[in-house]
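Asks: Read off the chains here:
2 protein chains.
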Amino acid sequence: MKLSELSERSGVPPATIKYYLRERLLPPGRRVSATQAEYDESHLRRLVRALIQIGQVPVSAARAVLAAAEDDSLDQHERLGAAVWALPYPAEPEEEDTAAEAARREVDLLLERQGWHFGLKMGAHSPVYRTLVSAVASMNRLGYPADHEQLTPYANAAAQLAVHDLDLIEMYGTPLERVEAAVVLTMLGERVLLSLRRLAEAEESNHRFGKPVD
Amino acid sequence: MKLSELSERSGVPPATIKYYLRERLLPPGRRVSATQAEYDESHLRRLVRALIQIGQVPVSAARAVLAAAEDDSLDQHERLGAAVWALPYPAEPEEEDTAAEAARREVDLLLERQGWHFGLKMGAHSPVYRTLVSAVASMNRLGYPADHEQLTPYANAAAQLAVHDLDLIEMYGTPLERVEAAVVLTMLGERVLLSLRRLAEAEESNHRFGKPVD
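First to last, the sequence lines map onto chains A and B. Heads up: the first sequence begins at 1 in the working numbering, then just goes up one per residue. Heads up: the second sequence begins at 1 in the working numbering, then just goes up one per residue.
Bear in mind the hints are in silico, worked out from the structure with no lab data behind them. We put the beta carbon where it would ideally sit given N, CA and C, even for glycine. Incorrect hints may have been included.
[Claimed, not checked] Restraint ranges, calculated between C-beta atoms of paired labels, are given here:
1. B:Pro58 with A:Thr16: 26 to 34 Å
2. A:Glu94 with B:Thr174: 30 to 38 Å
3. A:Pro13 with B:Ala91: 47 to 55 Å
This is chain A alone, in the form it adopts within the complex:
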């Protein structure tokens, strides 16, 4: 099959396939002449296709996800963790001031109360932990202090969804399939969750302050 055919059958634009080939995220096709190579569907691995279709995954992140997915020296938790860890994430500017200190204290208290010992152990090594601290610090600075009690409903919601997501991930048998499911559920699940939260807020606001819906 030529690259153009592979593109047509997979729904991935030729330029994207070429880019991924150049970046060695996809194995090269079998060269049949000086200007042409043969590809088959297996060239477009499922995980790579998922990363392309999710969108907004930079090549460096895609490469790290693939490396984690295929690293036999990692156990299952480490593979999932390393793959999800590599996914793009809104970075938060970090500042060191009293608001940041207070935020770190409340976040640690929250993790402790939730029994999240893994998160406590990783702490500042984890970019996600640091983003959480920075977001809470920004709230402090703006005069909306969020202590661990205020954060608890958010943590509870996250914990419930995590059980739900891991149940789905466990339905898949191989480590590679599980990594793929984790990547898709993490990235697209975030968009689903944020959309539903905004819709729910509009609903609740309408319920409290609005006119009745006809």
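The hints should help you fit chain B onto chain A, whose structure is shown.
Replies: Relative to chain A, chain B alone:
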């Protein structure tokens, strides 16, 4: 007070203040000479300061948020809605295919079961609704179909958090304060929620597949 002093006391960089002045999101200072103007803290309205400190709010969105906050012709729900509506949001590429049709059907079924009549009424007029449909459609295309039952835990979590957030917003007395609280809670709350979700997933994965934490 000179612009440099205002910057120091508010923690907002001079370049940002100048940019917002140029874009007329802030009222001009009182001119004291050909090259110098006097500013006071009231020039940097709380809401504008919040928008700057939250970061990643483009000027066009900030302008729309301010316009909504100050529009006396809107009732409270409409002001909150218009302000939050204007906040930046990860756009999802939209495609029309059978995956998108199936996604729309399941999303509508979900909103109906949740009793979200406002969301159903707004439907495709709402960018958030369209993002939700697109994210679910992407899941379908990748072979992770999400029907309304699979989406229900996400919607339930969102509904619980919306009650919590609106309780906080209602603690503020004036419409302007409420809009500001809604803006801050929506934007920073999203970062808090996504961080906690990733931490909770790591926790749950470690719990199921990992080694015990020392």
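Asks: None of the hints should be skipped; say for each whether it holds.
Replies: Status of the hints after comparison with the structure:
no.: 1; hint: B:Pro58 with A:Thr16: 26 to 34 Å; in the structure: holds, 27 Å
no.: 2; hint: A:Glu94 with B:Thr174: 30 to 38 Å; in the structure: holds, 33 Å
no.: 3; hint: A:Pro13 with B:Ala91: 47 to 55 Å; in the structure: violated, 19 Å
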